[in-house]
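Colleague: Given the coordinates of chain A, work out where chain B should sit on it, guided by the hints.
Read top to bottom, the protein sequences are chains A and B. Plus 38 on top of the position in the first sequence (first one is 1) and you've got my numbering. Plus 313 on top of the position in the second sequence (first one is 1) and you've got my numbering.
Hints should not be assumed to be uniformly reliable.
Think about it this way: if two alpha-carbon atoms lie no more than 20 Å apart in a straight line, the pair counts; the simulated EDC-like pairs of lysine to aspartate or glutamate are [to be verified]:
| id | chain 1 | residue 1 | chain 2 | residue 2 |
| --- | --- | --- | --- | --- |
| 1 | A | K207 | A | E103 |
| 2 | A | K215 | B | D513 |
| 3 | B | K457 | B | D513 |
| 4 | A | K215 | A | D104 |
| 5 | A | K207 | A | D177 |
| 6 | B | K494 | A | E67 |
| 7 | A | K215 | A | E115 |
| 8 | B | K494 | B | D438 |
| 9 | B | K494 | A | E69 |
| 10 | A | K215 | B | D462 |
| 11 | A | K207 | A | D104 |
| 12 | A | K207 | A | E67 |
| 13 | A | K215 | A | E103 |
| 14 | A | K207 | B | D462 |
| 15 | A | K207 | B | E510 |
| 16 | A | K207 | A | E115 |
| 17 | A | K215 | A | E81 |
| 18 | A | K215 | A | E117 |
Not everything, but these chain B residues come out facing chain A in the computed CB check (under 10 Å) [as the list claims (entries may be wrong)]:
| id | residue |
| --- | --- |
| 19 | L406 |
| 20 | P514 |
| 21 | V520 |
Derived by calculation from the structure, the hints in this document are not laboratory data. Just so it is clear, the structure is predicted and the values come from calculations on it, not from any experiment. Glycine residues also receive a C-beta, built at the ideal position from the N, C-alpha and C atoms.
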Amino acid sequence: MRHDMRARTLFSLLSLAATSCGGPVLFVEAELPRFCVTQAAIEFPAAPGGVDVPPVAVPIQVPFEDQIPLLRTSGAETELHIDEIRVTPRSGNPDLSGIASAVVNAVGPSGASVRILSYARDAAAPPPAEIVIAGDGVDMAPLLVAGQARLQIVASGRPPTTAWSADVKTCAHGRSKVPYLQ
Amino acid sequence: MRNFIAAVLVGVATAASADPAPLAIPDATAAPPPENGSGSPPFDSTSLRSGRTEFPVFGLLLDGSFPDGVGLSAVARPWRALRADAGLTYNVLGFGVRAGATLLPLPWPVAPLLRAEIGHAFESDASGLASSFGVRTSESLLLKAVSYDYASLQVGLQLGRADRFALVVQGGLAWFRGPVKNFQAAVHAANPGSTLEVTDPIVSGSVPCASIGLVFFP
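So that you can see chain A by itself, here it is in the shape it has in the complex:
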C-alpha cells in the first residue's frame, strides 16, 4: 500500500519532468555583456550659421547582425540595448561646444522613430573633445531592419558651421536565445 503511494507520487513526478523535455524549455542563449562597433569617418554636414539653427540630422546604419556572430535576429528571442554612441572628430577641427544637445533616434521597420539616446552639454564644462550620447536601455531588437540599426543623430544648438568627419563608436549589450530544437 505504502509502495503504491510512493509509486504514484514518483510516476507523477516523472510525468511532470517528461512533459517539460520536449517543450520550449530547451534553448541555448548567448549573452553579450558589452560590444562596440566603430564606423570611421562619418561625414557631418556644415550647419547654417545664425542664432536659431534648425537641428542637424545625420543618418548612420549599424550592421549589428553582420558584426556580432552570436547575435541573431531571426528565429531567436533577441534583446539589444544601445548603451552609448561616442562621436570623436577626425577631420574638420569642429568646435563641439556649440552643440547644446543631441539625441539619437532609431528608425523602425514601419518608419516611425524612437528616441533611444540623449546628450545635453554642461554649459559650465570646458569645450568637449568628443560627444557621448548615452541611453536609457530601450530594447532596439524590434527596431532592427534586416539585422541593421537605422539611427539618426540629431544635434541642436549651434553645431559646427563647417563640414567635419568623426568616428562613431556604438556600444551595446544584448542577448539571443535560440530554441534548442530549431
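Modeller: Frame of chain A, contents of chain B only:
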C-alpha cells in the same frame, strides 16, 4: 568488448533475478528492526560506524553521460532509498568535478529513480580537437579555453540489485553556463577588417541530457 558487455548484461540479469533481500544476514537472536513508517530501517549512525547496517553503505559509480562525460564517483547511502555521490569526470577535453543525489523509493529489481546533480568542467583546450574535425581557425580559437558549470535533473531506471550491482539508465534536462573566451580574437580572425570590440560572451542553455552507468557496492 563484446565479452565485457555480455558479462555486464549477464551480471545485471542475474542480479535482477536474485532475491532482493539484503545481503547482510540478520542475527536470528537479535530483535527485529523498529518500523519507522517508511518501510526501511532507520539510519543509525552508530551501526554505520560499526558496519552493522543491513545494506552496504559505500560503493562506486562509473558512468558516461552528457554533459558530464565519463565519471567515476564514490557513492554513499545514508538511507536505503537515497544514494549520494561525488567524483571526477572527464569529457574528452578535460577534467571536472560532480556531485549528485539519486532517489530510489521503490526497492524493485527494475526501479524508477530521480536524480539531481551539479558539476563543473575545468578549463581545457578543445581547439586541437576542433581543428582535427576541420573547424576553421577563427572558430577553433573560441575553443581554446572551454569551461562550464552545469546542473541536471533526470529520471530513469535502475536494473539490478540496489545492494550489490546495478545498471542505471536516465535522462532529463541539463542547464549549463560558461564563458566563450577569445571571442574578440576569433571575430578578428574571421573578419580582419572588423572594428568590433567585444567582451567575452556567456553562453548558457537548457538541453537534454542522458547517461548510463554502473553502480557497484563491494
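Colleague: Does A/D104 lie within 20 Å of A/K207 when you go C-alpha to C-alpha?
Modeller: holds (16 Å)
Colleague: Is B/K494 close enough to A/E69, meaning Cα to Cα at most 20 Å?
Modeller: With Cα atoms ~13 Å apart, B/K494 and A/E69 stay inside 20 Å; holds.
Colleague: If you draw a straight line from the CA of A/K207 to the CA of A/D177, is it 20 Å or shorter?
Modeller: Judged against 20 Å, a Cα distance of about 18 Å means the pair holds.
Colleague: Holds or violated: B/L406 as interface residue toward chain A, Cβ cutoff 10 Å?
Modeller: Violated, about 18 Å.
Colleague: Is the hinted pair A/K207 and A/E115 satisfied, with a Cα-Cα distance of at most 20 Å?
Modeller: Violated, at about 25 Å.
Colleague: Given the hint that A/K207 pairs with B/E510, does the C-alpha gap stay at or below 20 Å?
Modeller: holds (10 Å)
Colleague: Does A/K215 pair with A/E81 here, judged by a C-alpha cut-off of 20 Å?
Modeller: violated (36 Å)
Colleague: Measure nothing beyond the straight line between the CA atoms of B/K494 and B/D438; if it is 20 Å or shorter, mark the hint as holding.
Modeller: holds (11 Å)
Colleague: For A/K215 and B/D513, compute the direct alpha-carbon distance and say whether it is at most 20 Å.
Modeller: holds (17 Å)
Colleague: Check the hint pairing A/K215 with A/E117 against an upper bound of 20 Å on the C-alpha distance.
Modeller: holds (9 Å)
Colleague: Taking only the CA atoms, is the gap from A/K215 to A/E103 under or equal to 20 Å?
Modeller: holds (14 Å)
Colleague: Does the structure keep A/K207 and A/E103 at a Cα separation of 20 Å or less?
Modeller: At roughly 16 Å apart (the allowed maximum being 20 Å), A/E103 and A/K207 satisfy the hint.
Comparing the model with each earlier hint shows violations of hints 12, 14, 16, 17 and 19; every other hint is respected.
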